[in-house]
Amino acid sequence: MSNVALHGLNKSFGDLEVLDNVSLEIESGSFVSFIGPSGCGKTTLVRVVAGLEAASSGTVLVDGSPPAVARSHKRVGLVPQQPGLLPWRTVRANAHLLLDINRAANPPDAANPNTLLREVGLGDFMESYPHELSGGMQQRVALVRALSLHSPLLVMDEPFAALDEITRSEMRLLLNQLVEGRGVTVLFVTHNISEAVALSDRVIVCSPRPARVVADFNVDLPRPRARDIEDDSRFVELCAEARHALHGAMRP
Amino acid sequence: MTRRAFAPLVGIVVFVAVWEGFVRAFNVRPFILRAPSSAVNYLWKFRSDYLDAAWVTVQHSMLGLLFALLLAVAFGAVLASNRFLERAAQPILLLIQVVPWIAYVSSVVVWLGLGSAPALFMVTLVCLPAFVFASVDGMRSVEPATLELMSSVDASRLEVLTRVRLPSAAPLLFTTARFNVGLALAIAYYVEGANFSNEGIGNIGRSAAANNQADRLWASVFSIAVVGVVALLLLSLLERTVLHWHAAQRTENR
Numbered sequence: 135m136s137n138v139a140l141h142g143l144n145k146s147f148g149d150l151e152v153l154d155n156v157s158l159e160i161e162s163g164s165f166v167s168f169i170g171p172s173g174c175g176k177t178t179l180v181r182v183v184a185g186l187e188a189a190s191s192g193t194v195l196v197d198g199s200p201p202a203v204a205r206s207h208k209r210v211g212l213v214p215q216q217p218g219l220l221p222w223r224t225v226r227a228n229a230h231l232l233l234d235i236n237r238a239a240n241p242p243d244a245a246n247p248n249t250l251l252r253e254v255g256l257g258d259f260m261e262s263y264p265h266e267l268s269g270g271m272q273q274r275v276a277l278v279r280a281l282s283l284h285s286p287l288l289v290m291d292e293p294f295a296a297l298d299e300i301t302r303s304e305m306r307l308l309l310n311q312l313v314e315g316r317g318v319t320v321l322f323v324t325h326n327i328s329e330a331v332a333l334s335d336r337v338i339v340c341s342p343r344p345a346r347v348v349a350d351f352n353v354d355l356p357r358p359r360a361r362d363i364e365d366d367s368r369f370v371e372l373c374a375e376a377r378h379a380l381h382g383a384m385r386p
Numbered sequence: 046m047t048r049r050a051f052a053p054l055v056g057i058v059v060f061v062a063v064w065e066g067f068v069r070a071f072n073v074r075p076f077i078l079r080a081p082s083s084a085v086n087y088l089w090k091f092r093s094d095y096l097d098a099a100w101v102t103v104q105h106s107m108l109g110l111l112f113a114l115l116l117a118v119a120f121g122a123v124l125a126s127n128r129f130l131e132r133a134a135q136p137i138l139l140l141i142q143v144v145p146w147i148a149y150v151s152s153v154v155v156w157l158g159l160g161s162a163p164a165l166f167m168v169t170l171v172c173l174p175a176f177v178f179a180s181v182d183g184m185r186s187v188e189p190a191t192l193e194l195m196s197s198v199d200a201s202r203l204e205v206l207t208r209v210r211l212p213s214a215a216p217l218l219f220t221t222a223r224f225n226v227g228l229a230l231a232i233a234y235y236v237e238g239a240n241f242s243n244e245g246i247g248n249i250g251r252s253a254a255a256n257n258q259a260d261r262l263w264a265s266v267f268s269i270a271v272v273g274v275v276a277l278l279l280l281s282l283l284e285r286t287v288l289h290w291h292a293a294q295r296t297e298n299r
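Chains A and B supply the protein sequences, listed in that same order. Start counting at 1 in the first sequence, then tack on 134, and there's your number in the working numbering. Start counting at 1 in the second sequence, then tack on 45, and there's your number in the working numbering.
Keep in mind the hints are simulated off the structure, nothing from the lab. Take these hints with a grain of salt, some might be off.
[What the hints assert, rightly or not] Restraint-style ranges between C-beta atoms, simulated for each label pair:
(1) A:F147 with B:A293: 34 to 42 Å
(2) A:H265 with B:I137: 35 to 43 Å
(3) B:T207 with A:M384: 44 to 52 Å
[What the hints assert, rightly or not] Not close to chain B: a few residues of chain A, all C-beta gaps over 12 Å, as computed:
(4) G142
(5) E161
(6) R181
(7) H207
(8) D234
(9) I235
(10) N236
(11) N240
(12) S285
(13) D291
(14) S328
[As the list claims (entries may be wrong)] A partial selection of chain A residues facing chain B, derived with a Cβ cut-off under 8 Å:
(15) L220
(16) R226
(17) A227
(18) H230
(19) P242
(20) A244
(21) G257
(22) F259
(23) M260
(24) Y263
If you're wondering where the values come from, they're calculated on a predicted model, not measured in any experiment. Idealized CB from N, CA, C, for every residue including glycine.
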């Protein structure tokens, strides 16, 4: 179970300021979405947490240790925007990829990717190659690849952005099923408000670049999330709240 | 497979028939162009000599090619991760590529002496640059997202090389290998003829040319052609097996 703590985080690329004094405490096992205008720095924020980017100043702690330590213990499962499957590996081998690398750091309780593949409905496609799969299926393999590490923290950077609307809503449902009850902490970047609300326990709204936290609210919708959660009046209210915060942040 | 092989076979048969007909009809001087039938006859008569010679030439060309490939993968791994070294290596590789090997091969033969050494050295050297360029380009072609994924679990450089960079470079390396096969055979043939070590098809060809032996010369042309064609066939077979996942291998019956 992971606890992510950010204190006074700043990040700039040369003269370009991307993160402006971000401080956050993220509770173990919670699903937290970051929404904000595109290019605002929300992706950089989660990349810093995943240890893929160093902060310019401030501290980041994942379970009390710096991201580099979390990374070396394979405690961060990454789901990138593009599935990034290796074309020469079968679905099964792609799902095993992260377990095949840096084996010494594999957790003793690593999940069996084959079981997970069956769970996400890819049981009949284990020996297929990525080019034989649809975009949604490829992204499901990417999900399994990250979940197989049994890592306490999942970092997902707009993983459904390239999918069509129907596949997207299926993926939302699937993701909710997969993380509910697993106790995994999820940092989820998106620019889709209803996606953020449908999935999250907490939604954080970022300002345009450099990113600051302008709103931070809890999503008090019951879990497990129902298939028709988007018809719920509370869901609609929360989406409106998030939209107002976002529009407020966009105004100069 | 049978259907796929049919059209090329027709092409070969027509080519050989036209050649044979041309030589007979116009009574071409034997040394300029030999009819395929008489070259094949001669080849058959001295088949064990040519088989031994072909085996030597196969070793010179294919081992040289293999050394060049292995060196190129090692160089490629270093150069793909270091822009400075890549820029520094570029003029050397380009020089090897543009300076005609035939211009300095005699010196190499004098330097390395008799036997297989000069042939292997020359094949390796001259085939190296194209392989290195392919290896660097191929290893650089990996998606940034994939590299990021690898670094998210602290993959070592060696793991990134073997799991991601090398497979990504494989298609380009195969394409380059197909070009280099012809080059490797030409170099092996020439060097074998240059150092009087009495081995290899090149040696037979060279002494036949010097002694005006048309049949012997054209039989050596035929046997080096067979070596080349077989090498290319095996290479495409290997490519089809290893790269079955690659887009270029997927379209059947193109």
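Exercise for the section: Would you list, in rising numerical order, the hints stated earlier that this structure does not obey? Expected result: 6, 7, 8, 9, 10, 11, 12, 13, 16, 17, 18, 19, 20, 21, 22 and 23
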